[in-house]
Every structure is written in structure tokens, then in C-alpha cells.
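2 protein chains.
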Amino acid sequence: MFKRLLSLLLMNSVILSFCGSVAGQPPRGPLVISPDIHADKSVTFRYLAPAAKEVKLSAQFEKAPVPMVKDSSGIWRVRVGPVSPDIYPYSFLVDGITVMDPANVSFFPNERFKASLVDIPGDTALIHSLRDVPHGAVTYEYYPSLAGTTGTLVIYTPPGYDKQTAVHFPVYYLISGTTDTEETWFKVGRANFILDNLIAAGKAKPMIVVMPYGNIEARMAEQKGGIKPADPSNREGADAIVRAKNFENDLMKQVIPYVESNYRTIPGRNNRAIGGFSRGGGQTLRTAFGNLDQFAWVCSYASYLSTPEMERSFPSIYETPDNTNRMLKLFWISVGTDDFLYKPTIGFMDFLRSKNVRFNSLITDGGHTWMNTRKYLIATAQLLFQ
Amino acid sequence: MFKRLLSLLLMNSVILSFCGSVAGQPPRGPLVISPDIHADKSVTFRYLAPAAKEVKLSAQFEKAPVPMVKDSSGIWRVRVGPVSPDIYPYSFLVDGITVMDPANVSFFPNERFKASLVDIPGDTALIHSLRDVPHGAVTYEYYPSLAGTTGTLVIYTPPGYDKQTAVHFPVYYLISGTTDTEETWFKVGRANFILDNLIAAGKAKPMIVVMPYGNIEARMAEQKGGIKPADPSNREGADAIVRAKNFENDLMKQVIPYVESNYRTIPGRNNRAIGGFSRGGGQTLRTAFGNLDQFAWVCSYASYLSTPEMERSFPSIYETPDNTNRMLKLFWISVGTDDFLYKPTIGFMDFLRSKNVRFNSLITDGGHTWMNTRKYLIATAQLLFQ
Chain A
1 MFKRLLSLLL MNSVILSFCG SVAGQPPRGP LVISPDIHAD KSVTFRYLAP AAKEVKLSAQ
61 FEKAPVPMVK DSSGIWRVRV GPVSPDIYPY SFLVDGITVM DPANVSFFPN ERFKASLVDI
121 PGDTALIHSL RDVPHGAVTY EYYPSLAGTT GTLVIYTPPG YDKQTAVHFP VYYLISGTTD
181 TEETWFKVGR ANFILDNLIA AGKAKPMIVV MPYGNIEARM AEQKGGIKPA DPSNREGADA
241 IVRAKNFEND LMKQVIPYVE SNYRTIPGRN NRAIGGFSRG GGQTLRTAFG NLDQFAWVCS
301 YASYLSTPEM ERSFPSIYET PDNTNRMLKL FWISVGTDDF LYKPTIGFMD FLRSKNVRFN
361 SLITDGGHTW MNTRKYLIAT AQLLFQ
Chain B
1 MFKRLLSLLL MNSVILSFCG SVAGQPPRGP LVISPDIHAD KSVTFRYLAP AAKEVKLSAQ
61 FEKAPVPMVK DSSGIWRVRV GPVSPDIYPY SFLVDGITVM DPANVSFFPN ERFKASLVDI
121 PGDTALIHSL RDVPHGAVTY EYYPSLAGTT GTLVIYTPPG YDKQTAVHFP VYYLISGTTD
181 TEETWFKVGR ANFILDNLIA AGKAKPMIVV MPYGNIEARM AEQKGGIKPA DPSNREGADA
241 IVRAKNFEND LMKQVIPYVE SNYRTIPGRN NRAIGGFSRG GGQTLRTAFG NLDQFAWVCS
301 YASYLSTPEM ERSFPSIYET PDNTNRMLKL FWISVGTDDF LYKPTIGFMD FLRSKNVRFN
361 SLITDGGHTW MNTRKYLIAT AQLLFQ
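One line per chain: the protein sequences are A and B, in this order. The first sequence begins at 1 in this note's numbering and counts up by one. The second sequence begins at 1 in this note's numbering and counts up by one.
This list has only true hints and no planted wrong ones.
For chains that are exact copies, the list does not tell them apart, and a pair is met inside one copy or across any two.
Result set (SDA-like, lysine to any residue): computed pairs, CA atoms no more than 25 Å apart in a straight line:
no.	residue 1	residue 2
1	K224	P85
2	K343	L362
3	K70	G96
4	K343	K355
For the record, the hints were derived by calculation from the structure and aren't laboratory data. Since the structure is predicted, the reported quantities are computational estimates derived from the model, not experimental observations.
Isolated chain A (complex conformation) (with noise of 0.2 Å):
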């Protein structure tokens, strides 16, 4: 009895210090189960808001919102689906404002939105789910970036790393995309899991991911003081181009050093490869692009260069394509159907085969999301270094 009380004590503690202040809620709620996955792959996510009018749930797999229904407890609810099998970001509108799922701890880490995951399970565990293999272990590492400012570095280690102190390995940049941090291949992307499964399997060489953040100056602003991140929705052509370099330069020369110095790597360019998503896949191509001798291994998902700027910035790649196509051993270029970069990304592809410079391409259904990348990084972890 003691022991209920001071728990109820406890949840009244958490419910009072955050949710307290929320019209219409009362101090203790029932506890509220969300997502709630069924064995069918249906799911029911649940949200409480007695005082709300309208609750709706935004998921990336429903075309438009879901109405939700209110029970006598003040919990919404929907029941959706069966759902495809895949981790999808959703989030609840809320009388119009979006809302985590509170009951959820699995989450999409970005700059500029908030938005929780929900995991569909697989009939057998799909190659980004938790699986009975052995796991490597994932690290933040903490690095001298630029300008004085310090970064950070989530780095995928493959199962055995820290026992096999004798073996070398190759090394995989893979950058995240606009608004993304350096966790979203982590957290959203599943780069441990994934290649977890397949090294398990015997189709990936064991290797380490370095995941690194694209957006340097927001870095900078953070830690300097005084400087705002530029809005993105507002950079000048100008600007764009610093951008580029800043993270360039942060990679060539503080990550990749640091990475080489503090973990058992493989040095050179053929066991160094280099792959991101959306701004990261044009960090990538800027960076490959700009030093070919660096890196053999290159892997555009959902991004592109145009035409204006490999005349401007990268001539040599495509005047000499067959200098090009024997430094590649993988350049590798993705894109979904309906992915609003899909027919500027084409446009690229068109312009690379006019030029004879070789490419591997898959082209997907879906669009501009985090399930195609997944998609990308699974077709393209098995070719890395073999």
C-alpha cells in the first residue's frame, strides 16, 4: 500500500510538472497505450486530450489526415491499416497543432520539426529490425570541428570491433538530409541494424559508418554565440556554396583525420566511401566530386547536381568520363517515382549517360522520405568494398 501510494506520488509528480498546466486535463491520466501494433499489422495509436475538439492523426502512410474518435476517458483513438511493414514518422494534429505521440519514446531527430516513429514488424524481422545476430555498438564521438567548435560524430562499429584489436576496416560516410542532426541515420535510418543484418547474413563487409551533421553553421551558431543559422528557405546562390565548402572542409579535414587517427581504419580512397540523402546526397557529390583521390565509393540517394553547376564546379568528371568510371568503383544514384527531386535527379542521370560517365541507378516507388533512403542504404551497404 505504501509502495502504491508512493507511486502514485511519482506519476502525479510527472503529470503535475509537465501536463499540470493543460486545460481540461486532470492531474492524473490513465495511462495511455500508443502505438498500439496488432498482430494483422493493423495499429491503434491513442492520445489524451479530454479538452481538444479535434484530434487527427498525420502518418507518412496515409495520403491525407485520420480523424480520431474520443472515448469517455478523453483518450482519442484510431485504428488504422494493416499497414505495410516499414518505420514510418507520424504525428497527431491536434485542434490544428502538431504533437509527438507522448506515450511513444521512439522519435525522428531534425532541426525544424517533431515527429515520433512507429516500427511495422515484419512476418519474418525485416533487414532494419532488431534481430537475434550479433550487434555492433553505435558511438557519439565528440571531434575539434571548425572554427573552434566541436563536434559530433555517430559512429557505427561492427559486431567484434572492440575484440578483433588486430583487424582493419573501411569506413562509410553517410550523411543525413536537410533539418536532419547527425542521429537521424541512427535513430531513423536504422545504419546499425541494418548493417548488423547483413554482415550477419554474409552480404555487407563489416565496416564502420561515421555519421556526421550537415549543417556546420547552425553548429557554429550554437557554440559561438551571435550567429543565427541562415534560413535555408532564403540562402543566396552565394551562400549555398559556403555551405558546401564548410562541410566539405569539416570532412576532410577534421572528421576524416579524427576518424583515421581514433579508430582502426583502412586507409585510402579505395576503402573509403562516401553516401548521404537529400542535402547530404549533395554534400556528397560536391565532396566525391572535389576529390576523386579520396574516395572510391560514391552514393547519391535522392539528390542530384544540376547542369549549371558540374559546368562551373566539376568539369574534369565528366570531360575525362573514362578517368571518372575507372576511379568509381560504386557511384550509385537513387531516386523514388514520386520524390519531387525525381525528374531533376533524372535529368542528372540523362546528363551523365550523354556524357559516358557510368552510374548505377534504382529508381523506387515513393517519395522524398526516410523509408525510400532505408531502402537505398540496404541495396548499397552490399556493394560498399567488394
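Start from chain A and add chain B according to the hints.
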């Protein structure tokens, strides 16, 4: 110009995907900077919600929610402070709905609520801040937990751990509170920066800090399906004892063996500490009192055991106080005067004193908060293994 169009497209995509359905919000919004910390330690918070009727700031440095004011661009804002330097949870109350700050990457990992974090810097960098000192790393490890599940541990290794391959370290097992996750001591508690800074100043011994997840049952529910997590506000005494025992079993039989076989630890009770906040403090006391041969250093942050539980479960602790006092190199109890657990914690101290069980205590201002528990970690980390 082309790049600028691309930037606009990229911004639109993100906003359309996640905010496009928000009533009254334009598909492309202005860039919102929040929180915006000024030199005088006042802070401007901003939240874009053109259609909202009322927005308030709910922050743990304010006694009550603070009204915000909307400008012509639909951004609500308020400038508060100066605020005493520390890291505080906060959220916005938007027409009564609690939301995280979409513009802020820094968040509070928790099972039941979602809050953002604002870090008010000191005039000289606080002990929990990123300073220009050698940094340890923080690693997410996957280990075999109870009932065939796979658990996650967040593990701090001190600066130079990977280079000093012949050196072994003592280990502090550090547990977070009710509804917290294995990430909370890292992301909110800043255990890594606290240790980095104390080690650099020669005030703490280099040590490994292992941060487990306290809610074994939730993990089993998630991975095994069918089992719903118990409602902590509705649990019975018997259930509470099962839960405490599950945690102890997982720590003693799964976590510690995993850590000691995968990290360079110094084995034995003299080099093994256990501590925790709130529920984690209760788990600490129960695990330590039940395994006094395994831990010589015990830290309870804002937690206690009741006299009935001491009498029922741990009589040897107070029946042979000389043995307890000889075995425990540090027995630490902390609580804040505004903590809702203040009185029972003082009662626990009185009980121990009446039985001649020695302990150190630090009573602070403030409540059951992470501002306080960071203070307790800072105080105790300087005593461990010394």
C-alpha cells in the same frame, strides 16, 4: 537561382510533409529561432502558430506558465529572465496542448511526456557544459537482457579509453528515474560532460559510467508483443516487488557480466558503484542492499526505502551496522527541500541514523528535478573510487 529554387523546394517538402495539414499555417513558414539566449541570460522563446488563440511557455525555471504574444508573422514569443544558468525542461502550451519546441533539437527522452531543453550558459562554462577538454565517448551497446530480449545500454568511456588499451577502469552503474529511458542521464543528465570536466580538473577518477534502462517490463512488452506494460499508477505491491527483482536480475546477471566481458573494467566491489535518481534510486538501494558483496559505493538521489520495506527485505543492513559501515566506502543520500519525496527521504535518514548506519547527505534547494540530480552526480562523482 537554381539552387535557391531547390532550397525552397526542400523547405517546402519538409513543411508539407509534416505541417502542411496544420490548420491556418501557410505551407512555407518563416524560420523560427528558439530558444534564443541573450548575453544577459534572458531568453526569447518563439513558436509559429498563426491560428492558435493562446500560447504559453511552460518552463521549469518559472513557477507558472508565461503567456506569449503573437506577432504579425504568426510567431508567438516571450522574453523571460535573466534565468539562472542551468539546463531546464520546457514546452509550449498551445491552446492547452503541450508541445515540444519544433525549432530546438535538444529534447528530454521520456516514455510519458515530451519536453525540450534550454541550456543557459554560465559566465564560465558550468560543469555540465561542453568545455575545451579531452572528451570521452558515449556508446549505445546492445546486450542480451531478460527473457530473450535485447537491451540497450548507454556507456560513457573516459577520454583516452581507446588509446590506453592496457588500462582498466572502475564502473559506475547509473540509473534514471520513472518514465525516463537509458538516454536520459546522457541527454538530460549530461553525465558525459560532467565526467569529462571533473576528470580534466583532476577531481574525479577516470571511470566507465553504464546507464541502463529501468523499465525491463516495457522492453519485454515491446519485443515480445502481447505483454502490455503495467500501469505504474495502478500497480500492486506484489507487482512492484516483481519489477524491482526484474531490474536487479537484469543488472546483476546480464548487464554487469556483459560490461565486464566487453569493457576494460576493474572487477570486484571496490571498483563497482551504483546510483540512481527517483525510481532509479529505489532500484539502487534495493540492488545494493541485496548485493552488498558486489557494490562498495552507493548513491541515492531523491529516493528512499520505507521502514516497512527495510524491515521486511533488508534487516541485515541495520541489524549489523558495523558490517554495513565497513562494507560501504560511500553511502550517499541526497534530496531537495521542495522535493515531494523530501519528508520520506528525511525519514529514511532518521531511520538509518537511529540504527547507527552511516551515510553522507547533501540536502539542496529545489525539487524532484534533473537540475538537482545533476548536482548530486557532480558531488558524488568526485568521491567515487577515491
